[in-house]
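J.: So the chains spell out like this:
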Amino acid sequence: MGCVTDFFTYETTKSVVVKSWTIGVINRAVQLLIITYFVCWVFLHEKAYQIRDSSIESSVMTKVKGIGRYSKQIMDVADYVIPPQGSSVFVILTKLITTPKQVLNHCPETDDKYKCSNDSYCTRNNPTSNGFLTGRCVRSYCQIQGWCPTENDTVRMPIVMEAENFTIFVKNSVRFPIFDFERGNLPGSLNCRYDPHKSPFCPIFRLGDIVRLAGQNFTNLAEKGGVLSIKIGWLCDLDQSWDLCVPRYSFTRLDGVSEKNNVSPGYNFRFARYYMNPDGSEFRTLIKAFGIRIDVLVYGNAGKFNIIPTLINTVAAFTSVGVGTVLCDIILLNFLKGADQYKAKKFEEISDASTSFGSHMFKSDQTLAGRGDEKRSTDSGAFSIGL
Amino acid sequence: MGCVTDFFTYETTKSVVVKSWTIGVINRAVQLLIITYFVCWVFLHEKAYQIRDSSIESSVMTKVKGIGRYSKQIMDVADYVIPPQGSSVFVILTKLITTPKQVLNHCPETDDKYKCSNDSYCTRNNPTSNGFLTGRCVRSYCQIQGWCPTENDTVRMPIVMEAENFTIFVKNSVRFPIFDFERGNLPGSLNCRYDPHKSPFCPIFRLGDIVRLAGQNFTNLAEKGGVLSIKIGWLCDLDQSWDLCVPRYSFTRLDGVSEKNNVSPGYNFRFARYYMNPDGSEFRTLIKAFGIRIDVLVYGNAGKFNIIPTLINTVAAFTSVGVGTVLCDIILLNFLKGADQYKAKKFEEISDASTSFGSHMFKSDQTLAGRGDEKRSTDSGAFSIGL
Amino acid sequence: MGCVTDFFTYETTKSVVVKSWTIGVINRAVQLLIITYFVCWVFLHEKAYQIRDSSIESSVMTKVKGIGRYSKQIMDVADYVIPPQGSSVFVILTKLITTPKQVLNHCPETDDKYKCSNDSYCTRNNPTSNGFLTGRCVRSYCQIQGWCPTENDTVRMPIVMEAENFTIFVKNSVRFPIFDFERGNLPGSLNCRYDPHKSPFCPIFRLGDIVRLAGQNFTNLAEKGGVLSIKIGWLCDLDQSWDLCVPRYSFTRLDGVSEKNNVSPGYNFRFARYYMNPDGSEFRTLIKAFGIRIDVLVYGNAGKFNIIPTLINTVAAFTSVGVGTVLCDIILLNFLKGADQYKAKKFEEISDASTSFGSHMFKSDQTLAGRGDEKRSTDSGAFSIGL
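Protein chains in written order, with our numbering: chain A, 877 to 1263; chain B, 877 to 1263; chain C, 877 to 1263.
Check before you lean on any hint, since a few could be wrong.
If several chains are the same, the list does not tell them apart, and a pair holds so long as it fits within one copy or across any two.
[What the hints assert, rightly or not] Simulated crosslink set (PhoX-like; lysine-lysine; CA at most 20 Å straight-line): (1) Lys-1164 with Lys-939; (2) Lys-989 with Lys-941; (3) Lys-923 with Lys-941; (4) Lys-939 with Lys-1100; (5) Lys-1164 with Lys-948; (6) Lys-923 with Lys-1213; (7) Lys-1164 with Lys-941; (8) Lys-1213 with Lys-939; (9) Lys-941 with Lys-1213; (10) Lys-1107 with Lys-1213; (11) Lys-1213 with Lys-977; (12) Lys-1100 with Lys-977; (13) Lys-1074 with Lys-1107.
Don't read these hints as lab results, they were simulated from the structure.
Chain A with its partners taken away, still in its complex shape (with noise of 0.2 Å):
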């Protein structure tokens, strides 16, 4: 029985109650200030009331539209846009340099590096960047086997001018897999062409605005090709009001060193088509390709009022007050008038087991108890910290 009373008994810490206006004000304002923060902060600007899902699960289609003239000939969507397949990584070509009919024959290179005066300079069997040397010096270059003719990749070519009012439309819906939360950003209507401002919901984008918005200038960028992002941003709070889960559309350039770097400038690939003569010999099309590459990244978070977060930080911010006497007790204990009759009341002194009983005696009395704390205080300021 003994047991049972005294298992079901509670225990809380006997305190002392200084009546001062110095560190009264003190603790007050330390504790107005650790609410604030758990009130501003933590509630209401970091949502600490909710759980958030941030494993966005999207899905991206695009869809460019355009026409454009390149060298007396007609370029739609299927002749620049790789891959054709409107995923959310594509390239629209800008440049091309093409080189059609090659086959692979001997033919000499067409590189410096490959001149020569007799065949002794031509190593049998190097790779070039075109074939392998034949060993044979023609037409003062090294012979090289491979596909011939090579390329020659110095000549100046225009950039497809119509591309800066091509239209990229994207598609993208979004779910957030805690809440099942589903959500697209089509809005109602898509006569419109995106405007930070006019039209921030619109999701067809003039190719110049982008490069325009991301602080770039299209004829370089045609010119030397670069990546762009359009960066789609979906932060939603679940506790408002459906349609204010809007997306955010932003726009940069992702390879923005490259551009400064003069080592390797721009963008471009190279990539060929296949055709076959009626003999059944095979020849191609190589194309060095340059153009403005748009990767669409989708990110955001939702968060929607849960209990468990806001039991958890509502306790925290309750027993968090309590830290303020961690400073200002170092306050009442050292900097404050009257700081040793402070210890007095605070600290009651108790030494070894051993001696315990005379000092307990002793000890008992608060005033002796106050003297002895003044003298120990003094000497170690560490432990006036109340650690």
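Given chain A, put chains B and C in place with the hints provided.
T.: Positioned in the frame of chain A, the structure of chains B and C alone reads:
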């Protein structure tokens, strides 16, 4: 010496033990609640004793199998899978609108937007979706310069019915770098077909099943095109046996919104195959392809026992039990019978240093202090929260 | 007025100071331990004084260089890299099984599964891997309708030996949006070759080296195909100098499991090149390609000093030092010589309000209280934990 002895002292709070059933029971109840929370939620559910590795490294390879019939032609994998290289995102073509033998030339538009009665209707160089207006009106349609004949994508085409039986083999291996733990999704044998109940670990999926499990209708999806995801989840507790770390497959429609939305439903794209006449002139076959895009998404994390988080959380648990006092103090000092007398015990008053000594003399008498407390507490309830 | 003065009071816990070497040393030791943990782990190792940005924005461009020989043909980049557009995931073809001049027609299967002695063996319209059975048995094989001749992928083919010397140039630029910090991986000059020791920052990798550093054998890999990763890690401390934020390259085989697993080893896929006869009939070259897929994976985060986390963690550190008391109390009140007398000092009993006043009178005598505590504590050990 004194300094040293003073340093090696131990300071603990002086406590008041309340032998009251009411508060005792409340106190223990609250403590029990907190302990339960830590044991059940933090430790058992959240596995706070483990370190987690969420930086999952994954590689996905896919292989589609199946033969389809389309407009008297036979389509195999090389024909209907784009891109071909077995990546984690690919499209299975289910409907094709083909425009063969396109050459760069002049021809009338097919779009009724460009109906005309005379040349004045057709402003020269205006871009259409197929080319640039030449300024001439031919057979009551504006003439364009571009790929001719222009595509007519209003024709109704069938779908590849066999696609429902195509199978998708997904090879996935994951790695958790922190634990250097590697795992694959291949079972002992591949003579199987995925079934959520009968064979949940078989990595060979029938397209029709995926569509069904994603809650879609195959014919609609194949008709309009859409995006499905095969999600592979790896949630591994490495404290348990190796073969309990298994993949969980789930299926959703990613562009679910576009489905409901009439503005731009489904998924389709255009690509072309280029050919060359013996005379060197190029022509192409333009294909508007509708298809089912499959995104294979891999997520997961692994946890393993580690001493640091275990210690931290154990300490947190222990100390948190003390939090209960905040609540109990409020009850004890305000709502409990004899609250005043509890205050008397708990709070020991000490007023401003200026008058300290005198006040000290009197306040040292508990009972008086008690009275002081009573009065005080009645004025400001906030105070009795014990903060 | 009284209310105000009462509000501006400061309340601190009344403490018992134990002057005992044993407990004193333990106390300080525990505190030292906690401080060390915070200083060394939380602050120095975990950099708790920084805010971290893990939402790294990255763009990757790749360019493969090298010339290969394959069955008397020369292959250049346009021939052996798929997809061509220099994305972060690409395949270098190392082995090809080519089936040229396929036309849609009727022909016998090559697979022994379809050996037959008469038509009854070949159920009409059954799909094979190459087409649909026509129901006829021709030359002791079931006849199919499909792309003819059917592929025979059992032939042994050589690999592109030169592939080992192909070089992969990786251009990567990253951005940490929160700090708006941008960085690229290009060194001053590109006349280099990556070497883990000699030139660890050179972004030009020899395929053979990557394979070796991933602990693989080139010939096996090229023969069967596989997936390697080039991981680029950016772990930047922005409090330090700009040029200490450098990429770390590492290499692993991603499909490591499939290697051990015999069910489906390696990596291969099929694609086709389409041609057209002058008469307008289409034919194709089917290619079963084995290759080494390279995934360039970028990860990383950046940290920078920020006052908020610094404050929070400093406070946490300070308060945590108090946690030591939990442990020390247990020792002090249970295992230490004179524990009872410590309890006497620490605990001041107060029984239920009903009998409060009386008990109050007596219990106010410390020694009695002590006795009461002794008795109590002996019954229930749990209690002496001081919670």
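J.: So, for every hint listed, does it hold in this structure?
T.: Hints versus structure:
{"no.": "1", "hint": "Lys-1164 with Lys-939", "in the structure": "between (23 Å within a copy, 12 Å between copies)"}
{"no.": "2", "hint": "Lys-989 with Lys-941", "in the structure": "between (43 Å within a copy, 17 Å between copies)"}
{"no.": "3", "hint": "Lys-923 with Lys-941", "in the structure": "neither (42 Å within a copy, 49 Å between copies)"}
{"no.": "4", "hint": "Lys-939 with Lys-1100", "in the structure": "between (23 Å within a copy, 15 Å between copies)"}
{"no.": "5", "hint": "Lys-1164 with Lys-948", "in the structure": "within (18 Å within a copy, 25 Å between copies)"}
{"no.": "6", "hint": "Lys-923 with Lys-1213", "in the structure": "neither (42 Å within a copy, 39 Å between copies)"}
{"no.": "7", "hint": "Lys-1164 with Lys-941", "in the structure": "between (23 Å within a copy, 14 Å between copies)"}
{"no.": "8", "hint": "Lys-1213 with Lys-939", "in the structure": "neither (76 Å within a copy, 75 Å between copies)"}
{"no.": "9", "hint": "Lys-941 with Lys-1213", "in the structure": "neither (80 Å within a copy, 80 Å between copies)"}
{"no.": "10", "hint": "Lys-1107 with Lys-1213", "in the structure": "neither (60 Å within a copy, 63 Å between copies)"}
{"no.": "11", "hint": "Lys-1213 with Lys-977", "in the structure": "neither (97 Å within a copy, 99 Å between copies)"}
{"no.": "12", "hint": "Lys-1100 with Lys-977", "in the structure": "neither (26 Å within a copy, 34 Å between copies)"}
{"no.": "13", "hint": "Lys-1074 with Lys-1107", "in the structure": "within (19 Å within a copy, 38 Å between copies)"}
Of the numbered hints given earlier, the model fails hints 3, 6, 8, 9, 10, 11, 12; all others are met.
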